[in-house]
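Could you build the full structure based on these sequences and the hints that come with them?
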Amino acid sequence: MELRGKKVIALGERDGVPGPAVAECARGAGAEVVLTLTACYV
Amino acid sequence: MGLEDQAAVKRVADEHGSGVVVLLGTPDAESTQTLAQTVVAGDPSYAGPLAGVPLGLPVLHVFEPEVRDQVPADVYEAQVALMEMSLDRDAILAGLREARRVAATT
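Heads up: the sequence lines are chains Z and G, in that order. Counting along the first sequence from 1, when you hit position 2 you're at 2 in the numbering used here, and nothing is skipped either side. Counting along the second sequence from 1, when you hit position 51 you're at 51 in the numbering used here, and nothing is skipped either side.
Since the hints were derived computationally from the structure, they do not count as laboratory data. Computed from a prediction, not measured in an experiment: that's the story for all the values here.
What follows is a set of in silico ranges between Cβ atoms, one per label pair, in the way DEER data are often shown:
(1) Z:Glu-2 x G:Tyr-46: 33 to 39 Å
(2) Z:Arg-14 x G:Thr-105: 29 to 35 Å
(3) G:Ala-104 x Z:Gly-5: 22 to 28 Å
(4) G:Tyr-46 x Z:Gly-30: 32 to 38 Å
(5) G:Thr-105 x Z:Pro-20: 31 to 37 Å
(6) G:Ala-104 x Z:Cys-40: 27 to 33 Å
(7) G:Ala-91 x Z:Arg-14: 15 to 21 Å
(8) G:Ser-18 x Z:Gly-30: 17 to 23 Å
(9) Z:Gly-5 x G:Gly-56: 18 to 24 Å
(10) Z:Gly-5 x G:Met-85: 29 to 35 Å
(11) Z:Pro-20 x G:Arg-101: 29 to 35 Å
(12) Z:Gly-5 x G:Pro-44: 26 to 32 Å
(13) G:Thr-105 x Z:Gly-5: 27 to 33 Å
(14) Z:Arg-4 x G:Gly-17: 16 to 22 Å
Idealized CB from N, CA, C, for every residue including glycine.
Rendered as structure tokens:
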């Protein structure tokens, strides 16, 4: 799936790739980030 | 996924409609499957705002080759590459494939 032009929910996780890092990748691919979250499971 | 996060995802999906894609950064197969299920079929714990709400959003993981190929190499290197080396990428992507298989059969 091509991300360019898509609206992306960046759903990262504290123990994985955080939301802002996922969002940067999405923007780099030409997508519009409409929500950035970093889940945290303890 | 926390209740507030579920509410935020539901709000954004309602606002933007079918053009929304979810890009995950989850660290293992279990969390990948759980989050994918939540945004595709609804909250599996039936506790949050997405309980019984099948958003049906397309789900990708930032470790997938088809995603990585679209991200500028310097961005991917700076944001993701270190975690990709330290996590079990194959298991994560297997979890995502399983979530997609389940979604396709329900």
